[in-house]
Amino acid sequence: MPDLVAALEMLRTPFHAGDQPTFLSDLTVGELVLLEEVDYRPVEIVSGAGSASWYPQFTTAGTEAQMWGGAIASAINSAREGIRSEVNRRGADGVVAMRLELEREPVNQLTCTMLGTAVRVEHRSGHHSAKGGEPFTTTLSARDFHLLARAGYRAAGIVLGVSVVGFAARSASQSLGISRDNVELEGQTNALYSAREQAMAMMEREAASLKADGVVAVELSERPFNTMLTHAVELLAIGTAVYRGRDGHRSLGPQLQLDLDDPVAETFTSG
Amino acid sequence: MVDQSPGPGTGAFQAVERVRRTPTSDLSVAEAAALRRVGLSPVGFVMGTAVMQLVSAYAGTSYGGMGIAGGMGLGGGMPWGGFLSSARSSGLYAESYPCVHGYGFGANADHYGFSVENTALGSSLFEGYRLALSRLEDEAIALGAHGVVGVKLHFEHMVGSAGTATFFATGTAVIHPSSEPLPTPFLTNASGQNFERLISLGFIAAGLAMGIGVVYVQPNCLARGSLTAVGANNQIPAAIGAARGRARQALAGTGHKLGEGVVHTEWSDRRFVRMGESWNQLALAFGTAVRRYTTEMQPSMTRAVVPLRP
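Sequence lines, in order, name chains B and R. Counting with numbering that gives the first Met the number 0, you get residues 0 to 270 for the letters of the first sequence. Counting with numbering that gives the first Met the number 0, you get residues 0 to 309 for the letters of the second sequence.
For reference, chain R alone in the conformation it holds in the complex (with noise of 0.2 angstroms):
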């Protein structure tokens, strides 16, 4: 049947009455498991969906506030340094690396050369996700579950859709049937095993932190690979690190408000959205934020075996 409701997401709560008829799971059945070990049971197969149209580079409205560059910027209505400084006045990532040959044709040699931090993208991506994991926590809410182990999350363009992206995120809510629910379920990354082991050193995963970074490289001479000007480039490895440095600060801006640390962070760098020689440089980050319960947790020393193979 065809879901015929009004809002997005909505759907879910068809989802939801399926699961408390036949409860599913994506676990392993070690998996499964290691969770019964420390008593939560697997209460059904979660999943938080977002079709997004991202915010296109070229059709930013405002040059440092949000987007990388208005088509004003682009078309050269505005001198590139201004644009830069601009950026930067705002706080964001920009650098300019002038061409080494001097081209400049009169006009502003910044063009020839500069990164500026693409926050447009980067919160239509975060916005994207966002959606997608809250969608799963309220499947789980729905389904009275304390948590969600072994959250996956990723994203895929539709074929044929310029500018679009679909975002995923499932995982297996679990129960602790004698508690109380909890006030919002735990999402982690972890798997069931590696939830069994966070428990053992007397953490609890207290939800999932994320942080993205983009930075579009319009790349000079040096850093385009040329044969005219060759040599050790800065503009990548200050772009890949303003990235980087940008998903680490999201990363543990929204991990400190949730615990002590974060771990088991899946970490992804990526040139995005390319546009001829140019590129978004994409650096995604997602762990667990952790909450230690107890500190009379010691590891044992692990024994070391060799297994005997035939």
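Isolated chain B (complex conformation) (with noise of 0.2 angstroms):
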């Protein structure tokens, strides 16, 4: 049982700092419970960080723009190698929850951040698992992880698909905002379904270059870029590659819940 007045009296003694390491987590109390209860401990923050710049410029219709897609993903690409890097220096399984983020400036520049909790499996009996192959890195939340582990999948890593494909300028009426015709601007359209469809293979090859079984909750994000010297879509796609354990799938025979309470009753409606 919880025992506050026990855990209060511990502070009413000085904590002795000994020579076992500090345990750092960016996880909530509530995470940390969800993660423990898989057997996965936290070990300390680790970060990531890459940076590339590419020209925007003189972008073809209908071809990529190999130049400015390699500059992302060697960004993200490098975040992810120094992230790992730091796992492998802790001795730590794989990091969780981890937080990617894209900042963009100027135009031509990505700067790609990760940072996250690198965990270690520790079985209850206080053993540390054996550490199989590579640290995992995954964007799932603390509670998609349990819910993945629980229902017999392992993290393999993230996995990224990026495409930049041009496309033709509008003619001169239709940039003016003077056209008569309501068309379909099919080069758009075209470089659109083409920047997908090489950024989802591109990502699918990473997952087969891991031996992953699939890939799960994939972020696509997409950015038109159109100047006067420049027109091209950017595809961005990012997601967590797992593999399926040998008993295969786990099924977590969740129950229903039937929540009783009722929505609290405006008083006051805006205006």
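Hints are computed from structural coordinates only; laboratory data are not their basis. A portion of the hints provided could be inaccurate.
[To be verified] Quick list of in silico lysine to any residue cross-link-like pairs, SDA-like style, CA-CA up to 20 angstroms:
no., chain 1, residue 1, chain 2, residue 2
1, R, K256, B, A16
2, R, K256, B, K210
3, R, K256, B, E80
4, R, K256, B, P13
5, R, K151, B, R11
6, R, K256, B, E8
7, R, K256, B, G29
8, R, K256, B, R11
9, B, K210, B, E8
10, R, K256, B, T12
If you're wondering where the values come from, they're calculated on a predicted model, not measured in any experiment.
Got two chains here, separate frames each, mind docking them using the hints?
Laid out in structure tokens, this is it:
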């Protein structure tokens, strides 16, 4: 049973820091409980960062802008490599609930940062599990990671796909807003499809290279870029590659829950 | 009534007298219920503030020990290489990223790209937060509280006052009615529900751990996103890494004195106090240091539910 009196008693004596390392975590206590339930314990906060710039002009219609897409991939990859090497240095098994942020500044530069809590598998008996293979990275929240583990899966790592495809400039009348027809801008639609296809294919290649069984929680972001000299669409896909465990999928057997609480009636409505 | 007391922060005692008469709290009903379940009662909303004039990056007086640069250094009176090596010899992070075009106009090419740790700004921010937190703690002590839960920290710039920052620390003081007061009350940024979970897991909040890292970045052409030089740059990632590394080191250092670990770390990275094309890369980290009071608590497996929503 929780015992506040015993806990407060402990605070009456000063803490003597021994030689043991201090664990650091950016997870809430609730998230730590969820990780503890599936035998993961926090080790330290780890981070990685990468940054690259590119020439944004002179994109060719219907053609992939290799250098532009390559620069974005290189910034994200550097951050991923950086955080993995920090996890490795601490002898941890992976990093969960990783914050992945993309900062664009100025128009032709992207900085990617990652930050999360490195965790180690520690069975209830107190023994560390034998560390298997490369450390994993995932942007899945502690809650989703907990569900994934209970359902019999393991995270393999974040995988990314990026593609930038150019499209033709609009006609003069379209650009000036005096177009007389309502037509599809086929070049732009096709560029979007092409970018999506190439980005997803790249992400799947990355997952295949990890021998993963699939990719979950994929986030797609699309950014059209249309200026005097540049007409291109950027497509970025990031997800977590996962392995299915030897025993396959395990059902969590969730129970249906009927909430008996009524929503609080609004006394004052706006205005 | 306007407080006429002489020292800064002494207005707090007026607040304490008021709270004694009518206990207040910024807890939600669910948070208060969670704290009641573990035996704690809210005793008053507590706050600590400090309005600070931050040190100017251009007004530092020493090269390595305290500031990022003296006026002499930035004015060009001292070679950049000497300035960076001076910072390095003081144990600070300092790296030069010479211009890829080789511009230098006869002077040291380091001018066109360098990063150096800004301990002057870092310690200014640390001092602001420290003052706000110590005033919050004083209010809690005056109320005879055992701790303060849900501590929130933030700072804001005063409109029209360049280089100033107002630091706030707020939270709800709590008491365990049948226990003697602690030598110093515990502070935690955990909510009432998370405090309950912490106790259930066998841990008690021992205090707040804090870490701040600041690196001044003067980008070279590559890191500036100039169209004349493109590609991967290492200056920005290295500056972010150094600022985060320093914040993490300080967080672990303060946490290590208080308990076995630090949880619930709130992390913030930002570009702070921009000056033209340069900026201060700031990393801020606050968390709750925890001590394990029992090893007998084992979490029971969470029950999976699907809410039936209309």
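How the hints compare with the structure:
Straight-line distance between C-alpha atoms of K256(R) and A16(B) comes to about 6 angstroms, which keeps the hinted pair within the 20 angstroms bound. In summary, the hint linking K256(R) to K210(B) is not supported, as the alpha carbons are separated by about 44 angstroms, beyond the 20 angstroms threshold. With a CA separation close to 32 angstroms, the supplied pair K256(R) and E80(B) exceeds the 20 angstroms bound. Of the pairs offered as hints, the one joining K256(R) and P13(B) holds, with about 9 angstroms between alpha carbons and a cut-off of 20 angstroms not exceeded.
Taken as a hint, the K151(R) and R11(B) pair is broken in the structure, with Cα atoms around 25 angstroms apart against an allowance of 20 angstroms. Of the pairs offered as hints, the one joining K256(R) and E8(B) holds, with about 18 angstroms between alpha carbons and a cut-off of 20 angstroms not exceeded. Restraint check: the Cα-Cα separation between K256(R) and G29(B) comes to about 24 angstroms, which exceeds 20 angstroms; the hinted pair is violated. As the CA atoms of K256(R) and R11(B) are separated by approximately 15 angstroms, the hinted pair is consistent with the 20 angstroms bound.
With a C-alpha separation of about 52 angstroms, the suggested pairing of K210(B) with E8(B) is violated against the 20 angstroms cut-off. Proximity of K256(R) to T12(B) is assessed by CA-CA distance (about 13 angstroms); at most 20 angstroms being required, the pair is judged to hold.
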